Amino acid sequence: MTEPTVDPEATVAPEPAAPSPQRSGSSTFVEVDTSQPIVLERVSRWYGNVVAVNDITFALGSGITGLLGPNGAGKSTLLHMLAGLLRPSSGRVLIAGRPAWRDPQVYADIGLVPEREAVQPFLTGRQFVELAARLQGLPDPAAATERAIATVDLSVVADRAVGTYSKGMRQRVKVAAALVHEPSILLLDEPFNGMDPRQRLHMMDLLRSMAAAGRTILFSSHILEEVERLADGILVIHAGRLAAAGDYREIRRLMTDRPHTFRVRSSDNRRLASAFLAEPTVFGAELHDDRLAVSVTEFSGFTRIVARVARDSAVRLFEVAPTDDSLESVFEYLVSRR
Amino acid sequence: MTATRRVNRLDAVLTIGSVTAWALVGRRRSILMLLLAGAPVLLGLLVRLGGTRPGALPTALEGLVVSAVLPLVALVFGTAALGSELDDGTAVHILTKPIPRWVIVVPKIAVAGGMTAVLLFPATILAGILIGGTGGRELGLTFAYAIAVLIGSFVYATIFVALGAATSRGLVIGLAYSLIWEGLLSGALKGTQLFSVREYIRGMAATLAPPRTIVSIVGANGFLFAIIAIVVIAAFASWRLARHEIRAAD
Amino acid sequence: MSARPPVSRAGNIYDLGYRRYEGERLGRVSAIRALITHSYRTTFGLGRSGRAKAAPFILAAIATLPSVIIVGGLTVAARFGFDRQLDDTELVGFNGYYSSITVIVALFCAAQAPELFGRDQRHGVIALYFARALRRSDYALGRLAGFVLAVLTMLLVPMSILFLGRILLSTDIGGALATNLSSVPPIIGQGVIIAALYGGLAMAISAYSPRRAYATAGIIALFVLPGLVAGIVINIGSSPVGSLLVLISPNTIIDGTNALLFGRSLGSEYFFVDLPLWLYLPAAIVEFGIVVALILRRFRRITI
Numbered sequence: 235m236t237e238p239t240v241d242p243e244a245t246v247a248p249e250p251a252a253p254s255p256q257r258s259g260s261s262t263f264v265e266v267d268t269s270q271p272i273v274l275e276r277v278s279r280w281y282g283n284v285v286a287v288n289d290i291t292f293a294l295g296s297g298i299t300g301l302l303g304p305n306g307a308g309k310s311t312l313l314h315m316l317a318g319l320l321r322p323s324s325g326r327v328l329i330a331g332r333p334a335w336r337d338p339q340v341y342a343d344i345g346l347v348p349e350r351e352a353v354q355p356f357l358t359g360r361q362f363v364e365l366a367a368r369l370q371g372l373p374d375p376a377a378a379t380e381r382a383i384a385t386v387d388l389s390v391v392a393d394r395a396v397g398t399y400s401k402g403m404r405q406r407v408k409v410a411a412a413l414v415h416e417p418s419i420l421l422l423d424e425p426f427n428g429m430d431p432r433q434r435l436h437m438m439d440l441l442r443s444m445a446a447a448g449r450t451i452l453f454s455s456h457i458l459e460e461v462e463r464l465a466d467g468i469l470v471i472h473a474g475r476l477a478a479a480g481d482y483r484e485i486r487r488l489m490t491d492r493p494h495t496f497r498v499r500s501s502d503n504r505r506l507a508s509a510f511l512a513e514p515t516v517f518g519a520e521l522h523d524d525r526l527a528v529s530v531t532e533f534s535g536f537t538r539i540v541a542r543v544a545r546d547s548a549v550r551l552f553e554v555a556p557t558d559d560s561l562e563s564v565f566e567y568l569v570s571r572r
Numbered sequence: 018m019t020a021t022r023r024v025n026r027l028d029a030v031l032t033i034g035s036v037t038a039w040a041l042v043g044r045r046r047s048i049l050m051l052l053l054a055g056a057p058v059l060l061g062l063l064v065r066l067g068g069t070r071p072g073a074l075p076t077a078l079e080g081l082v083v084s085a086v087l088p089l090v091a092l093v094f095g096t097a098a099l100g101s102e103l104d105d106g107t108a109v110h111i112l113t114k115p116i117p118r119w120v121i122v123v124p125k126i127a128v129a130g131g132m133t134a135v136l137l138f139p140a141t142i143l144a145g146i147l148i149g150g151t152g153g154r155e156l157g158l159t160f161a162y163a164i165a166v167l168i169g170s171f172v173y174a175t176i177f178v179a180l181g182a183a184t185s186r187g188l189v190i191g192l193a194y195s196l197i198w199e200g201l202l203s204g205a206l207k208g209t210q211l212f213s214v215r216e217y218i219r220g221m222a223a224t225l226a227p228p229r230t231i232v233s234i235v236g237a238n239g240f241l242f243a244i245i246a247i248v249v250i251a252a253f254a255s256w257r258l259a260r261h262e263i264r265a266a267d
Numbered sequence: 030m031s032a033r034p035p036v037s038r039a040g041n042i043y044d045l046g047y048r049r050y051e052g053e054r055l056g057r058v059s060a061i062r063a064l065i066t067h068s069y070r071t072t073f074g075l076g077r078s079g080r081a082k083a084a085p086f087i088l089a090a091i092a093t094l095p096s097v098i099i100v101g102g103l104t105v106a107a108r109f110g111f112d113r114q115l116d117d118t119e120l121v122g123f124n125g126y127y128s129s130i131t132v133i134v135a136l137f138c139a140a141q142a143p144e145l146f147g148r149d150q151r152h153g154v155i156a157l158y159f160a161r162a163l164r165r166s167d168y169a170l171g172r173l174a175g176f177v178l179a180v181l182t183m184l185l186v187p188m189s190i191l192f193l194g195r196i197l198l199s200t201d202i203g204g205a206l207a208t209n210l211s212s213v214p215p216i217i218g219q220g221v222i223i224a225a226l227y228g229g230l231a232m233a234i235s236a237y238s239p240r241r242a243y244a245t246a247g248i249i250a251l252f253v254l255p256g257l258v259a260g261i262v263i264n265i266g267s268s269p270v271g272s273l274l275v276l277i278s279p280n281t282i283i284d285g286t287n288a289l290l291f292g293r294s295l296g297s298e299y300f301f302v303d304l305p306l307w308l309y310l311p312a313a314i315v316e317f318g319i320v321v322a323l324i325l326r327r328f329r330r331i332t333i
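Chains as they are written, first to last, in the working numbering: chain E, 235 to 572; chain X, 18 to 267; chain U, 30 to 333.
By construction, these hints were calculated from the structure, which means they are not laboratory data. Heads up, a few of these hints could be off.
[As the list claims (entries may be wrong)] Short, incomplete list of chain X residues facing chain E, as computed with Cβ under 7 Å: (1) 27; (2) 31; (3) 35; (4) 107; (5) 113; (6) 114; (7) 115; (8) 116; (9) 200.
[Stated by the list, open to error] A short list of chain U residues far from chain X (calculated; beta carbon distances all over 12 Å): (10) 50; (11) 136; (12) 182; (13) 197; (14) 246; (15) 247; (16) 258; (17) 261; (18) 305; (19) 325.
[Stated by the list, open to error] Per the computed footprint, the stretches of chain U lying under chain X, defined by three or more beta-carbons under 8 Å from a beta-carbon of chain X, are: (20) 166-173; (21) 248-255.
These numbers were taken from a predicted model, which means no experiment stands behind them. We treat Cβ as the ideally placed atom computed from N, Cα and C, and that holds for glycine.
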């Protein structure tokens, strides 16, 4: 029997500062730890009547956090506010304890990889990264540039004009410029856009190694597989609101008003099904071909009874696995509640 | 967390300056600006072919170069230096660096003003020589105007860079300033001449030229006002850039 | 189950997926008309955000404001009993008003023409226009027509205010109407010439330079520089070249037609009094023709 795996807490996951998914809205203010590198306190941003970011509070520490949300949810707005490019209409955005807005000195600690913003097309890759290095006041800009370019694997094309680059190359040169001063905080807006799978894996390895070294990395995406594979913790943002924060498997546990489903293979599915239906935590069992899909109200409740029920029915279990313990189902649940 | 690094201001200014210069010397833009700056020279050639009436030099130089070509060229370079980068987003890479905003503004003004001056200083001299000849008095006038245009280039560049930082419609506002404020109103309302760059230029030229050739209200104060204008407006541009919000939304 | 079910017994599943449009399709003429309307509205920023309305409305207001002030002033004067003077005095003639707001019209064209041709090209929307019932020439001329009509509106509104003010404020309305009726054709004519020439030139330049900064600067350069050069050239004494430039430069052309249509002669402040007045009208027409040809050429050759 396969147990649902418990995530080894290798790195510090972001604090789930937002209230649990059952309660809607952030009406209760949760104290955030302002000593963390990235802190948002009741941050909102509106444009006239349109609220782009709605009362968001969280704090992030070292490790990789994925900012997940559908298009138009407010991810770019949030990242721009973190990067000091937008003023929050209300609330505070703190980077390393200092407000991000109107303080050029925060940029010594931040690397930003914007999604949309173009690079001056007439510069070569090397010139662009070296420009960043020099404006960061690095003592040896040329060497830092070479290191950064090698890290993103652009050494071959570094002397071509950026205007001739493909989209993936442009992304990578922006990442190189953001890394050249080895910032402790890295903000990436849809960084894997336009990258082929090999480049994506390479970039993910790079980000993981940086997170292991203690950096705080926040990247936004609307592609679930990327976030699932890379992030230690997630922030789900939908229509400007923070829908959930933390480890997505923990969030799944908290979603008690949604049934969990398990996939069970056994020596006698039908007998097992009728035995399960006698249990109070189980409220559905479906027979499909060679497996049994069981719907339960509570995750841990089922794990406690499954062995006993099988033994009492004299049925041998071959496989028990949760089927919707994926980020996709979590996400789908969170964004469909509005 | 990170070592506190202080960016060498001079190095940053020079770096930004060279990137801006590179950006401004686009092929199409250069040709157009050469044409514009060539207009006074063309005028001079035409005049050479047709014969000259005495006393025409100040009117010619002032009417064409100072009032029309100079603001236009400064407008194109000034908005290209900062405003267009803010509008299309490429400025983000420079804004997200630990440098004070004036370190960004000053080299852009210097480069925009410098390129305007590089084009118009020789153009003014050439046109002046073609129109006025090389007599002592005319030459004095020509050089007086040329130097005044040189300084005026930087004043106009400062204004247009500041407009680019302040608003995305800086182009039209700059044009409105040049045409309406300096053109129409200055003629009508004498008081506004205190705030007209055109008047400063005339004052500077009047000071440098042989006496009693140019009439100016501002006189030698033109130099002072020009410098004050540059400093104040550049400071405003830096202040405004510090509060610049990125123009795209999610 | 004894009652008959309301629908037939045989079950049906209705395909509610993609439906084609089988209704009436309006033709090319309607498309052209819609394009002209859209161009007109875009010129004034209608249908777009508030910021897009700022520049055109402010400029149009500046152009209209003097007429409102004049009529208002005349009304006040009438209240105080200066009626008799009003019949004789022309505070501002129609032609005088036209020459005063030339600069504003130039700014308006420089600010708004790039919106019409520039934005479509920059965002690659031209392909969508050409894939419709519109032909390339329809697109080019439709946009031009919409813009010219908008500039014409901007010109005729203050003129109408002046005209109505003059009529309604006089003691003898019928007589005033009779006297001033003869001014109507020149007013409309000059308005059309200014709108067509300035508007057309501005649109031609913006058709060839999609980037707004260059288009605007180029338009202003074209409006302002040739006239200046011509003036200086003539002042200095080179008449033939100067005369040629006068006939090319847009602002001198409209000064000429202004005088021609209103039956005045050019005052001494104009430096080109030597040219016969009737030359200006064909000059305007020819230049407009060239402009239209240039615009058509641009969009016939543009690759998307």
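Hint check results:
1. 27: violated (11 Å)
2. 31: Cβ of residue 31 of chain X sits 9 Å from chain E, so the hint is violated.
3. 35: With Cβ-Cβ at 9 Å, over 7 Å, it is violated.
4. 107: With a closest approach of 5 Å, the residue 107 of chain X hint holds.
5. 113: holds (5 Å)
6. 114: Since the shortest Cβ distance to chain E is 4 Å, the answer is holds.
7. 115: holds (4 Å)
8. 116: holds (6 Å)
9. 200: It is violated, given that the least Cβ distance between residue 200 of chain X and chain E is near 35 Å, above 7 Å.
10. 50: holds (33 Å)
11. 136: Given that some Cβ of chain X is not farther than 12 Å from that of residue 136 of chain U, nearest at about 6 Å, it is violated.
12. 182: Holds: least Cβ distance 19 Å, greater than 12 Å.
13. 197: holds (29 Å)
14. 246: violated (5 Å)
15. 247: Given a closest Cβ separation of 7 Å, the condition is violated.
16. 258: Violated, because the least Cβ-Cβ distance between residue 258 of chain U and chain X comes to about 5 Å, which does not exceed 12 Å.
17. 261: violated (5 Å)
18. 305: holds (21 Å)
19. 325: Fine: 23 Å to the nearest Cβ keeps residue 325 of chain U off the interface.
20. 166-173: violated (count 0)
21. 248-255: holds (count 4)
Hint compliance for this structure: hints 1, 2, 3, 9, 11, 14, 15, 16, 17, 20 are not met, and every other hint is.
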